Amino acid sequence: GDSVTQMEGPVTLSEEAFLTINCTYTATGYPSLFWYVQYPGEGLQLLLKATKADDKGSNKGFEATYRKETTSFHLEKGSVQVSDSAVYFCALLAGGTSYGKLTFGQGTILTVHP
Amino acid sequence: DGGITQSPKYLFRKEGQNVTLSCEQNLNHDAMYWYRQDPGQGLRLIYYSQIVNDFQKGDIAEGYSVSREKKESFPLTVTSAQKNPTAFYLCASSIDEGLAGFGEQFFGPGTRLTVL
Chain G
88 GDSVTQMEGP VTLSEEAFLT INCTYTATGY PSLFWYVQYP GEGLQLLLKA TKADDKGSNK
148 GFEATYRKET TSFHLEKGSV QVSDSAVYFC ALLAGGTSYG KLTFGQGTIL TVHP
Chain L
4 DGGITQSPKY LFRKEGQNVT LSCEQNLNHD AMYWYRQDPG QGLRLIYYSQ IVNDFQKGDI
64 AEGYSVSREK KESFPLTVTS AQKNPTAFYL CASSIDEGLA GFGEQFFGPG TRLTVL
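For the record, the sequence lines run as chains G and L.
The working numbering numbers the first residue of the first sequence as 88 and each following residue consecutively.
The working numbering numbers the first residue of the second sequence as 4 and each following residue consecutively.
In isolation and in its complexed conformation, chain G is listed as follows:
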């Protein structure tokens, strides 16, 4: 079945540091890939997405490139801020699925210190 594996956290960085959160997936067909962010006590917000190989999703300084050859969708940001502290989830939406089931990674907690 489909699965998503994220790098284990938590991740702790100083402000303005470079961020990478690794995400790899296993899926049949041609999935769409997503990064969601969850701030404390809130629901998930879509951060960025990519729907086909070599697509780059970007938003708020975050980027991720859909790499089919390595089945990866790593999240990067060049300079993190304290306000980026949150839980980040990588997710997969199987291509052609009949009901849009998302498969989530376990989440990575990011803490950014001033």
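Heads up, some of the hints might be wrong.
Stated by the list, open to error - Quick list of in silico lysine-lysine cross-link-like pairs, BS3-like style, CA-CA up to 25 Å:
1. G:Lys188 x L:Lys17
2. G:Lys164 x L:Lys60
3. L:Lys86 x L:Lys60
4. L:Lys60 x G:Lys188
5. G:Lys143 x G:Lys155
6. G:Lys188 x G:Lys143
7. L:Lys74 x L:Lys86
What the hints assert, rightly or not - One-sided excerpt, in silico: chain L residues whose CB lies under 7 Å from chain G:
8. Glu107
9. Gln108
10. Gly111
11. Pro112
No wet-lab data here; the hints were simulated from the structure.
All of these numbers come straight from a predicted model, not from anything done at the bench.
Just so you know, even glycine gets a beta-carbon here, dropped at the ideal spot from N, CA and C.
Add chain L to chain G, keeping to what the hints say.
Positioned in the frame of chain G, the structure of chain L alone reads:
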């Protein structure tokens, strides 16, 4: 503004009680979903519904029930049969894009359920 609302934000339940969590969306989305989130884990799918008056079990449906009488509403009942109901519950919705399948999911703010 369009979006998904969930109520209540916090809910306390005594053992043996059934409780119902509300989820409403005004996005005109076709599909709706319920997830459970436990600390340190990803989200697990409880139930989903593609159209009105139809719903399907997800990965962890035991002890839960749903209804979909209106397109905009998808309430979740946590029954007394659910052995460990304390968790954060998230509702989501997505649009049917036809041949392309369903689009990305939009999430509500969640309901935190605690069993006393």
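These are the hints, each one checked on the structure:
1. For a cut-off of 25 Å, the pair hint linking Lys188 of chain G to Lys17 of chain L is broken: about 32 Å separates their Cα positions.
2. The straight-line distance between the Cα atoms of Lys164 of chain G and Lys60 of chain L is roughly 37 Å, outside the 25 Å bound, and the hint therefore fails.
3. A C-alpha spacing of about 17 Å is found between Lys86 of chain L and Lys60 of chain L, which places the hinted pair at or below 25 Å, so the restraint holds.
4. Our distance criterion of 25 Å between C-alpha atoms is met by Lys60 of chain L and Lys188 of chain G, whose separation comes to about 12 Å.
5. Taken as a hint, the Lys143 of chain G and Lys155 of chain G pair is honoured in the structure, with Cα atoms around 12 Å apart against an allowance of 25 Å.
6. With a CA separation close to 22 Å, the supplied pair Lys188 of chain G and Lys143 of chain G stays within the 25 Å bound.
7. At most 25 Å may separate the alpha-carbon atoms for a hinted pair to count; Lys74 of chain L and Lys86 of chain L exceed this at roughly 30 Å.
8. With a cut of 7 Å, the hint placing Glu107 of chain L at the interface with chain G holds, because the nearest CB-to-CB distance is about 6 Å.
9. Checking Gln108 of chain L against chain G by beta carbon gives a least distance of about 6 Å; that is within 7 Å, so the hint holds.
10. At about 5 Å, the closest approach between the beta carbon of Gly111 of chain L and any beta carbon in chain G falls short of 7 Å, and the interface hint on this residue holds.
11. Interface restraint check: Pro112 of chain L against chain G, minimum CB-CB distance 5 Å, threshold 7 Å, status holds.
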